[in-house]
Amino acid sequence: FSPNFSIFSPAFFVNDDFFVDQTSFYCHVYLNGINGLIFNGCTFSSTMTIPQNDPFFVSFPKTGIRSFNSGFTVRPTCSSSLYLGEVCPEDNITSSSTFSGLDYGIVASSSGNLKKIEINSTHFSNNDFGIYINGVNNPKIVKNNFSVGKDILNITSRPVGIYLQNSTGFRIEDNEFFNNTTSTLDKIGLSIKNSRYDNNQVYNNVFKNLSIGQLFLGLNYNNSNVSNDDVEGLVSICNR
1015 FSPNFSIFSP AFFVNDDFFV DQTSFYCHVY LNGINGLIFN GCTFSSTMTI PQNDPFFVSF
1075 PKTGIRSFNS GFTVRPTCSS SLYLGEVCPE DNITSSSTFS GLDYGIVASS SGNLKKIEIN
1135 STHFSNNDFG IYINGVNNPK IVKNNFSVGK DILNITSRPV GIYLQNSTGF RIEDNEFFNN
1195 TTSTLDKIGL SIKNSRYDNN QVYNNVFKNL SIGQLFLGLN YNNSNVSNDD VEGLVSICNR
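Everything in the sequence shown is counted per our numbering, starting at 1015 for the first residue and increasing by one.
It is possible that part of the hints are untrue.
The list that follows gives simulated cross-link-like pairs (lysine-lysine, DSS-like), each with its CA atoms no further than 25 Å apart [to be verified]: (1) LYS1207 - LYS1222; (2) LYS1207 - LYS1154; (3) LYS1154 - LYS1130.
So the derived label-pair ranges between C-beta atoms look like this [as the list claims (entries may be wrong)]: (4) LEU1229 - ASN1046: 47 to 57 Å; (5) PHE1074 - LEU1231: 15 to 25 Å; (6) GLY1126 - SER1250: 18 to 28 Å; (7) ASN1106 - SER1250: 26 to 36 Å; (8) GLY1247 - ILE1226: 16 to 26 Å.
Don't read these hints as lab results, they were simulated from the structure. In this text the structure is predicted, and so the values were computed from the model without any measurement. For each residue, glycine too, the CB sits at the ideal point set by N, CA and C.
Starting from the given sequences, assemble the full structure and let the hints guide the process.
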């Protein structure tokens, strides 16, 4: 796939005026086979207070960005020029991207493509799932903050800031996860399931006032070695 050089900088809203008979709101943006799209200081939000028609029959309802086999970047607008892959310094951010009031902020899944996903310096608040990734390798998720838990119309009993499943090669660094105190549900900052044998790291993140800071499930290391010194797999290091 050739890269897409498009850049979006708008706001995406949905409220109780949205109504299509027997239809639920699906997502603000759907990507399929796209590579290189940039969301620059965008807002994705929902203020819907009315339950939707059969939302559980829709896969990942009320989502900001839904992607399949796609590569994209979510980032802030920045007052300084950046090198490729460089994250905007905090003092130079002019407008952060935000996701709020959604069942899922970002959902990304893959059947094994190598397209790059990067999410940096973005605010996630009042969502049931901030970022939900399944089968996407090498995502870069750095310097974001997550107010975990949605106020109303929850689709889960345990909201999660970042959920990764069947993914490896990730960078999860310098993020902050804290409790949306309006919601009384149990809340999880980060959950990783089946990252397999690779030496992945969760590094230098902050977890505040959550039911569970980090939850690891399934197979995340190689236990075939006899010596504990040779064990390979996921490491959580320098987090607070």
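| query | At the C-beta level, are GLY1247 and ILE1226 separated by a distance inside 16 to 26 Å? | reply | 20 Å, holds
| query | For the pair PHE1074 and LEU1231, does the Cβ-Cβ distance stay inside 15 to 25 Å? | reply | At 20 Å between Cβs, range holds.
| query | Has the given pair, LYS1207 with LYS1154, been kept, meaning a C-alpha gap of at most 25 Å? | reply | Given that 25 Å is the threshold and the Cα spacing comes to 17 Å, the pair holds.
| request: Quickly compare the C-alpha distance for LYS1154 and LYS1130 to 25 Å and report which way the hint goes. | output: 8 Å, holds
| message | Given a hint of 18 to 28 Å, does the C-beta separation of GLY1126 and SER1250 actually sit inside it? | response | Given about 26 Å between the Cβ atoms, the range holds.
| query | Does LYS1222 lie within 25 Å of LYS1207 when you go C-alpha to C-alpha? | reply | 22 Å, holds
| query | Taking the beta carbons of LEU1229 and ASN1046, is their distance inside 47 to 57 Å? | reply | Between LEU1229 and ASN1046, where Cβ atoms are some 30 Å apart, the hint is violated.
| Range agreement (Cβ of SER1250 with Cβ of ASN1106, hint 26 to 36 Å) | 30 Å, holds
The structure fails hint 4 only (numbered hints given earlier).
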